[in-house]
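Peer 1: These are the residues of each chain, in order.
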Amino acid sequence: MIEQLLFYTFAILTCGGAVAVVATQNVVRMAFWLVVSLGSVAALFFLLHADFLGAAQLLIYVGGTVVLLVFGVMLTASGPYTTIKTSPAEGIIGGAVGLMLLMVLVSSIGSVDWGAISGRLPASPESPFTADSIREAHAEESLVNAGSTKAKTDLAAVQQQGRTVRQLGLSFLGLRPDRNLKEGGANGLAPGYFLPFEIVSVHLLVVLIGAAYLARAKRRAVSEDRVSLD
Amino acid sequence: MDFEALFKQFLSGDVAQQASILRSLTIFLPELVLSSSIVLMLVARLVSLDRIIPTHWFALLGGMTSFVIVLFQFWEFGNSQTVPVEVFTGLAIHDEFSIFFRGFLTFFLVFVIALTVLTGIPDDEDAPDFYSLLCGAVVGMMLMSSANHLLMLFIGIEMASVPSYAMTGFLKGKRRSSEAALKFVVYGAGAAGVMLFGISLLTGILGTAQFSELAPRFQAVFANHAGMQDPATRCVALALLMIAVGFAFKLSLVPFHFWCPDAFHGAPAEVGGFLSVGSKAAAFALLVRLTTSLAGDGSGALSQLSLSSGLGLGLIAIITTTFGNLAAYSQRNIKRMLAYSTIAHAGYMLMAVSALLVLQSVQTDLVFQGNHQENGPRAMEGLLYYLCVYLFMNLGAFAIVALIRNQTYSEEIDDYKGLAQQVPVLAICMAICMFSLVGIPPLGGFYGKAFIFASVYEATNVHWFMWLVLAAGGLNTVISLFYYLRVAKTMCMDSRPADAVPVTLAASSSPAMYVMLVSGMVVFLGIIIDPLSKVALHAAHALF
Amino acid sequence: MGEVGLNAYLMVGAVLFVCGVVCMATKRNGIGVLMGVELVLNGANVNFVAFSRYTSLGLDGQTVALFVIVLAAAEAAVALAIALNFYNNHLTIDVDRGNELQG
Amino acid sequence: MPETGDILMFLLTVAWLLPLAGFVVEIYWLCFSHRLNKGAAYCAVACIGIGFLCSLSALLYWGNDTHWAALSEPDHHGHAASHDTGHGDAAHGAGGHDHDAHAGDADQHSHDQASEHADAPAKKYYSGTYYELARFGGLRVSLDWYIDSLTLVMFTMVTFIATCIHIFAIGYMHDELTEEYEDHEVHLHNGGHFSRPGRFHRFFAYLSLFSFSMLGIVLSGNIFQVFIFWELVGLSSYLLIGFYIERKSASTAANKAFIMNRVGDFGFLIGMMILWTSFGTFQFGDRTEGAHTEAGLFTMVRGHDGKLDVSEDGKQVYLQDAHGHRAEKNGQPLTISYMLLVAAGLGVFAGSIGKSAQFPLQTWLPDAMEGPTPVSALVHSATMVAAGVYLAARFYPVFTPEVLLGIAYIGCITLFIAATIALVVTDIKRVLAYSTISQLGYMMLAIGVAGWGAALFHLVTHAFFKSLMFLCSGSVIAGCHHVQDMSRMGGLRHKMKITAYTMLVGVIAIAGLAIPGTSIGLSGFYSKDAIVASALAYSELNPGHILLFIAPLVTAGITSFYMFRLWFLTFAGTPRDAHVYENCHENPSVMTTPLLVLAVLAAGCAWGGEGGPLYRLIVDSETVPAAARVASVGAAKVILPSHQGHESDVHHVHSTAGMLALVSAIIGMTLAYLLYVKKTIDPNQIRQQFSGVYDFLVDKWRFDSLYDAMFVAPVHIISAWCVSFDKGVLDPILHSAANLTVLTSKWDRAFDETFVDGLVNLVGTVTYNVGNSLKVIQTGRLRQYVMWIAVGVIVLFGALFTTIPK
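Chains as they are written, first to last, in my numbering: chain A, 1 to 230; chain B, 1 to 544; chain C, 1 to 103; chain D, 1 to 806.
Next comes chain A alone, as it looks inside the complex (with noise of 0.2 Å):
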């Protein structure tokens, strides 16, 4: 009962915030509600019970992305540009064409049997949560009788609380021990994420020498360049 309301609060507050964002002409109140609703999906990832990741969500986004932007703002938002106003027009077919999408997604999306399909699937090599599990879980969110050993069911328990991160520092490393991969086989199904974990370091370093270097000044005169298309 409380986690509905809980829900329902946040979510309200996510899909507001996001609203008012749209909505909002002001950039640093478009700031303000950004952060609202990035705020409020971290507290959906708690709810979800995935307490790294909602974290992680508060630290980088909300802590370093929004940040970034609202720094972006006072550096760009001098004098009579703070407000752009959108017209009216372009409000009304933006709106439309929004809430085309927003029938397209919800008329797909929304009628989906999710039980079902996931009854169809394979079951996962050891996997806690395979389809008689899920009905379960739906029904009384307990993990007793997923046929199962009681490791597992441990294991699965420490993952519905939310006490993943020593779990996703292992499949970082490549290592999943939610998951028997001697026994999945060609399956493959869990698969370790070194690979993203080490390159996207690389990505980072590239990515900030491209900010940094658009960023700074250029040192030279600009005349003396090679090319002068303007």
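Because the hints were derived from the structure by calculation, they are not lab data. Yeah, the Cβ is synthetic: ideal placement off N, Cα and C, and Gly gets one too. One or more hints might be untrue.
Covered stretches of chain B (chain D as the covering partner; in silico rule of three or more C-beta atoms under 8 Å from a C-beta of chain D) [to be verified]:
#: 1; region: 182 to 189
#: 2; region: 230 to 241
#: 3; region: 323 to 335
Derived DSS-like pairs: lysine-lysine, alpha-carbon spacing no greater than 27 Å straight-line [unchecked claim]:
#: 4; chain 1: D; residue 1: Lys-495; chain 2: D; residue 2: Lys-248
#: 5; chain 1: D; residue 1: Lys-775; chain 2: B; residue 2: Lys-417
#: 6; chain 1: B; residue 1: Lys-417; chain 2: D; residue 2: Lys-256
#: 7; chain 1: B; residue 1: Lys-417; chain 2: D; residue 2: Lys-679
#: 8; chain 1: D; residue 1: Lys-495; chain 2: D; residue 2: Lys-256
#: 9; chain 1: D; residue 1: Lys-497; chain 2: D; residue 2: Lys-678
#: 10; chain 1: B; residue 1: Lys-489; chain 2: D; residue 2: Lys-775
#: 11; chain 1: B; residue 1: Lys-417; chain 2: B; residue 2: Lys-489
#: 12; chain 1: D; residue 1: Lys-497; chain 2: D; residue 2: Lys-679
#: 13; chain 1: D; residue 1: Lys-248; chain 2: B; residue 2: Lys-489
#: 14; chain 1: B; residue 1: Lys-489; chain 2: D; residue 2: Lys-256
Take the given structure of chain A and dock chains B, C and D to it, following the hints.
Peer 2: Chains B, C and D in isolation, oriented as in the chain A frame:
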């Protein structure tokens, strides 16, 4: 599980058909070499080493080393009993197809670096930044070509795109450059967002993100439920559509091509050449891998999926090619014209993918001229051959644009009048590239097109719609003749206005040599077809 | 009040996504457009995490979401740098002023 | 001792490649060293001259080797063929060569299947592969060669004529040997003339390239290779027509020729695709690889007895393998639909229409006379346009009777139209151009009525006398300082004796005059005679197609009339323009010697008529024997006349046809004499009385206006549609009316350009305009682009939803 056991598993990772972490790292040596050359460049600037050794040597060295390693891997595949293997616990795949593209991309990287050295677009001060971005983007593209997991797909696309955004805006003092970069980044971010949303839906429904598992799971979920009335089917259709939007952005397919002309127009010609070839090739590799793994063995529900997506791509290909060719007509800026030509060529190449899917949807009882099981690989062979030719002809065109720009400060086609009198080398090479882009025999472009059209023709046996695709391809080849020839005509037939900036380029200078080498390769691929087409066919077989 | 199911979360994700797209398509302020990007990516992330809890996707969903957050941050950095660059050259952040390239 | 095939291949390859070497040398070496001397010319002449010697020796060697069996009476044909096959066997035995020389011959096959095909006619050709480029599935792309007596004759003829023309051009292009060549046709704004460095070496380089490509067509062993050289010929003729590129007329003519040819090539490509997909090979001849023999195109269609193997219901044609059996694949006989075979034939013939300037693509050839006169002689009279006829003749085995009927009518229409236009033209070169089109029509007609030998016979004789006449006209033009209008000439025979009388030889030859009562005449008499006889035989067997006989007969008279008109106007009578006459002079011997040599050949090359050596040599390589009557099987019921032997259909009517043609020619000549020499009838009076007809002819049958109406008017409609499309696409909220105004004015301008530049720019303009309207979508507004993402997703999803309804 205790730590020791975990650590052992980390090192060995002894799952069948998967390489251990150490083996994976060896296989990933080309990417690692490129990454470390990025670090090396930055360190060199830190210790002012770049004043003694110009930065581009690091980049060139890195590129060449990776290419050599890829060559070695290719040789290894050809010689020993090496089999395709999943690396990094199934996130990437190592087979002839990925080796082909990694080789393609590193080879291309070396050529692009050489071009930038010759045209001098990043000056000494900015060189580490530029080459870092370049190498970083190529690493991303290489990941795309070997991805075996939807997350790797997304990471690869992001890694290839984000540095490209920065490179587009590399001339940061220029209004147009910054405008182009902004349009590119916003459009790219939007498309990536849509794609990610699609990925989230697909993984949610199928419960996995690994390519090799998609087809069996799709089969299991939709064994008897393949109608649009079923919300799950609708949802999958939407998910695939959204993923396709991401690809359409990368490949600049109509109606998701809007960024392309503007970005190419505003970006330096070198970057344009890089984007037009590199990211297209990687995106095609990824698209082909994703679609073939989705199509699976083409039985049951998969057959319908394969046929519908093949026809859909065929329709998009028709529209894209026609649009690109028509819109290229009235362009005055050569980079913009080449951008539209890029769009059109993406359409031609998409025809190969479309033919592949349509052919794959029918697995049996198709008796027509030769072994039908060869048809799929043949379609891929056409695509790969086309990409290789496209590398040289497009790079050649952009290189010539860059070289002329360095002297005339102009990229308008009208300012190319009569260049044949002053720099015959450039004019001839440009003409070769243009003729090849049209597809006039005996240049390389002709054979690429011929292969693709041949496979589309095979596909007409499966579905009548492919006749339309074939007709559109043929018709477009004819209408593209005019605008390509216009450039050649402007350069060769018109006389140079008296007040035009004179252009000089000795035939023995290194830029001229470079241009001659590249356009020479276009001619070469039109005359000696066999070796490359064999390699391409070999690589294509890895997919089936 | 019924059970909070997977579909409820997916609806939140869809709303976030649509708001993001509309934001990108209507905001004239470049920074506002970038905020739209963040909303779109968050919409997808909500989906991932929800699937992670309710379907056999399991931990993979969370991992992907984590990477998306990182990639989004990287993209935002570059996008912001480009936007600032645009501002430096055009002396405004109004994206409608960038219309030199067309046709 | 190498085999015959090897030696022939070697000699012809040398003859073929020398011009290419010459081209390279002329372009690069001479370009950088000394452009103002005649080195390039000597180089080109040497290359083509040695080529001629090689071809001639190849011809002689071949004749020697076969003991000139081809020249003996055709009734002993079978005997002669088996006689010469002893050598072929030796060639066949040697498989160890890098190119697999293969001499197909009756002897070999009669060994293999003596019981089944004892009466299989001889196939006397040598073929092989130079280099195999690649092999993709069923498709082999390679450089092949194919040599039979036709190849040898064509080689000798082309190289000989080219040599004469090269030598002539040394004199004709002498003006270009200067740093400051003043082009009097190009008027600059300041009233002066355009001046540029001379292009002497460039001219000869192009000529060499052209010779190389033309010889490449003749030597090609597969149709794909033909296509490549076909395009190369197109390219080099484009370069040569546009030699005076600064003249607007020249560049337009070059474009027109190029585009008209592309239209034909489109058909050619379609034909090629059909052939490839149905036959799986491009090869003409059979090809032996180890023990396995792969059948070539001709064998597959016609087998060894020259007959189509049509199924009962007439809808399928069974293909034959190399051993004369029905080809099989996986137990199923290989077939091709009869209609597809017709389509393939028509497609290939479309290529010939373009290249040989047949109706309806004939309009480019007269315009192509903008090039220097030697070019006209080489490219647009004797050889290049003949390539179309050559191709049609080469492909004769693949043509079904329906296709042949189409060819016959195309030829018939062309020969009549062109001849009538030639009646009223006053430009000396254009008269010759129209006569070329007309004569090509004759050749096509001959092919269509199964007069295969007659067509090629006329091809060779025409090449000689037409190049002679073109060179004569060139000599006149050079002598008169670039005056081309016949109405300003007259009486020139007093000043240019050699030119005048060599020209007379050509005129008599083309008119087909002979001494009545005997069969002694110049070359044109014999060949035209052969064609008219074939046509008569054909129309007797197929009375419904009597027009195919009437038209050539009447046109023979018209031809004679306008050719004599040309000669009388130019050389006879009194000078009409004193200025021209005063300054006119005979040309140096470098130009007149080729005239004399060509005149001798134009007069005598067909010596002996259809019993003479030339005709025998040509007919010897006939792939499908016309000895027996062949009836069609398809939709059109026609019977092809038989040709060889004393009992044949053609022989019966030969003397009748000859008489009629001769009478017609003499009437034409007499009329011309009365009109232009005796002046008993005033030409101007006739012109006024028939002003309608006259204007019609001067307008070239209004073809240009017709094409305007056919192609330009629809553009109106399409472009109107495009405009409305524009308006629909423009978002009224986002786009101001100004945008539209600019666009409309662009359309206006585009319209003007469409009308001015006509057909040539047509396709370009339409697409340009459509493209221009597409620009509107690319508004340059970022937010709209993003909006398109969303709209795109929605629309595509809607499309999915509606198209996959299940």
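Peer 1: Taking each numbered hint in turn, which are not upheld by the structure, reported in ascending numerical order?
Peer 2: Hint check: 4, 7, 8 fail, others pass.
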